[in-house]
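J.: Listed below are the residues making up each chain.
2 protein chains.
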Amino acid sequence: MTPKPADQDATDPVRVALLGCGNVGGALAELLTARQDDIAARTGIRLDLVGIAVANMDRPRPSGIAPEQFTTDSAALAVRDDVEVVVELIGGLHPAQELISAALRAGKSVVTGNKTVLAVAGAELAELAAAHGVDLLYEAAVAGAIPVVRALRESLAGEQIVRVMGIVNGTTNFILTRMEEDGVDFDAALADAQRLGLAERDPTADVDGHDAAAKAAILAALAFGSDVVDAEVHREGIRGIRAVDVAYANRLGYTVKLLAVAELVDGGPELSVRVHPAMVPKSHPLASVRGAFNAVFVEGAGSGEIMLYGRGAGGPPSASAVLGDLVDASRNRRAGAPAPAPKRTSISMRPQLDLRSAFYLSMDVADRPGVLAAVAKVFGDHQVSIRAMEQVGLADEARLIFLTHLAREGDLLATIDELRLLQAVDRVSGVLRVIGEEE
Amino acid sequence: MTPKPADQDATDPVRVALLGCGNVGGALAELLTARQDDIAARTGIRLDLVGIAVANMDRPRPSGIAPEQFTTDSAALAVRDDVEVVVELIGGLHPAQELISAALRAGKSVVTGNKTVLAVAGAELAELAAAHGVDLLYEAAVAGAIPVVRALRESLAGEQIVRVMGIVNGTTNFILTRMEEDGVDFDAALADAQRLGLAERDPTADVDGHDAAAKAAILAALAFGSDVVDAEVHREGIRGIRAVDVAYANRLGYTVKLLAVAELVDGGPELSVRVHPAMVPKSHPLASVRGAFNAVFVEGAGSGEIMLYGRGAGGPPSASAVLGDLVDASRNRRAGAPAPAPKRTSISMRPQLDLRSAFYLSMDVADRPGVLAAVAKVFGDHQVSIRAMEQVGLADEARLIFLTHLAREGDLLATIDELRLLQAVDRVSGVLRVIGEEE
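As given, the protein sequences belong to chains R and Y, one line each in that order.
Read in order, the letters of the first sequence are residues 1 to 439 in my numbering.
Read in order, the letters of the second sequence are residues 1 to 439 in my numbering.
Check each hint, because a few of them may be wrong.
It does not matter which identical chain is meant; a pair holds if it fits inside one copy or across any two.
What the hints assert, rightly or not - Heads up, simulated EDC-like pairs for lysine to aspartate or glutamate below, C-alpha to C-alpha not over 20 Å straight-line:
(1) Lys343 - Glu127
(2) Lys377 - Glu232
(3) Lys377 - Asp227
(4) Lys343 - Glu124
Since the hints were derived computationally from the structure, they do not count as laboratory data.
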């Protein structure tokens, strides 16, 4: 019989089971196989990959791994007696959630990159890990190799965090960058992303903000201890963004980004957790994050502004993040002390309609006298104050572009509803929140 | 008698002694006093500040701290029986090094922001900490609130790091940003920095690269386990940089930054650790780091490119970094397991003259036929290949600007020496390494 973890001493190898051997799992299996000695020399921890669960035994697998390591019985591998740390890289909610849960109950430490499970059941899994004195680590779930989870969990543990804003979806950032740099429309940029393997054939999870919303929920839990789940995150995607609005934004000194935001509204205690496209001033560090890169921008009372930037996805970067967690979980096991879990509490959320933001909007109107006055009156009637207006001529129409001062979202939406009733207004479109306008 | 650490259980407050109460120490003392309950709620750790050593009892001190907390006997406080964690924020080599050493020997965990001590004696202090089973943590020593030490020590522990490049001195980055944005000369920009309190009256430590060299040595230890000390770091400052070269660099698509670099030369095993100004392509993430901000750019085999950005100095950001370490050290104490210390080994250094880099140089020459041919011959004679040349007219002189392909530093210096002997060459100046040109 293999010895149980409690019988092992600090110099024994740590026995690791891997669930899932796709893009990230395959890269990790290669690392653990090819670089075992090097990792041991660097970290003092010898990681011994003792089993890999896959759905299909017939697919080609990373070289250097003995065929008898593979199994299709993930449930058995997750709780196998000789395993100390389970790495879950299957993705999706089921059966990943049940496997993680079973592994924790069996006293295994768990490393996962599964944002879906964490955004839905992160709080209860963290409690389970704490109850069993083991680790649940998930650096790869938010932004690949960027060490944002550890920074929030450890470096900024005592910090009063005010706001976290992230570009956490590489696909949409690639699309928006293409739209800005090459002036192409959303559909063309999406087709490009698909051609390059940066977007799925069904791009819903990325372009409608589902992926970012799950990550926003995880960031909110880390930064504020919030127990918000992804379904509670206000979510707007980028399908409605037109190249012309990206171009106007650019001319006005902004770049358009899909942001995952978690913040204490007006300094607290209410929280807002949301995903939406926004106009970011070009002078803001997030504006320089281009293509498929990710970044997370953290504002703390003491720390000031911090930004962590890097590759948010892909096999090797995500495998690197998993490896960092694996070393951490192994060290903690040998020391007999799991990493501290962030505390979760129920924090009330500010309703989206009661948030205040500056807005950009563009509308096509008939080009005749009195139209601007009528439009301006509607803004004023709803307490939305205009900071700047510009008219762009279009044949016998005119396009009006407005930037507002900070306004309540509900008031802005009421303004748009009423503008749409004006006979002279053909359409209102390109409504975007503007970041960096404070009261 | 106060109980000894070994008698305390996980819920007891952790007793903290603070050595030094200046800019950072004062901000930390305020945090620990005003936010004790909040920190305990966030982290599960109650930090109890039990004494503060100062050099002068008469200076004004942060409010809310009982006068009897203060002492001038730092040596006694550092080893006092009831103290578990010592925070050293005195700065400078002596007596800080002796105090840290005494505290570690007495079984205290130590948190410090002292780059000087770490760059000189980091390896031996880390050994001392390991021998006594306590922590030596120093996030604040490299780049203020930016969690670069923890990222290298934990997140990237198993990663094969190839290169670390940092803008780690806010004063010089402020000066270079002013020179670029406003076209002013070094002296005027330095005077500005001094007026704003961003530079000392004697700016040597910053502008000649001493501060950055100490941080380069610490980064090399973290990323590569190197035992290099700061005196071994090749060091060039920014005094010789002229506004005109910053402007030319800008026109060529580069921005000038003072970089601290630690890298495996040609993939290893030799290391290079150095500080010098460099031309960074504007598309590089480091180019967007402006003013007094800091950033560290890490390239790993798996992780790809990661950049960590934020405020590298100042009371509250550095105090925030110290607080993160203090929570970590306290958790580790309660768990009975210190954080893993990076392993140090002696890695041979590639001599600076044998490094290869692309170079920018500008020279003033007589504007007459044949001069360019003579100059070009000197480059060729030393195996320095020219990638681009531009002539800028100046009355009856001409200024020639060259960008080279990758060249050996020794060959480039020999080229310059010989160019200076040419009668037609009035002066060679503005020699800058160019980042981002790979073979």
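J.: With reference to the structure, classify each hint as holding or not holding.
T.: Hints and how they fare:
1. Lys343 - Glu127: within (9 Å within a copy, 34 Å between copies)
2. Lys377 - Glu232: Intra 35 Å, inter 70 Å, cutoff 20 Å: neither.
3. Lys377 - Asp227: neither (42 Å within a copy, 70 Å between copies)
4. Lys343 - Glu124: Within. Shortest intra-copy distance 11 Å satisfies the 20 Å Cα cut-off; inter-copy 37 Å does not.
When the structure is compared with the earlier hints, violations turn up for hints 2, 3 and for no others.
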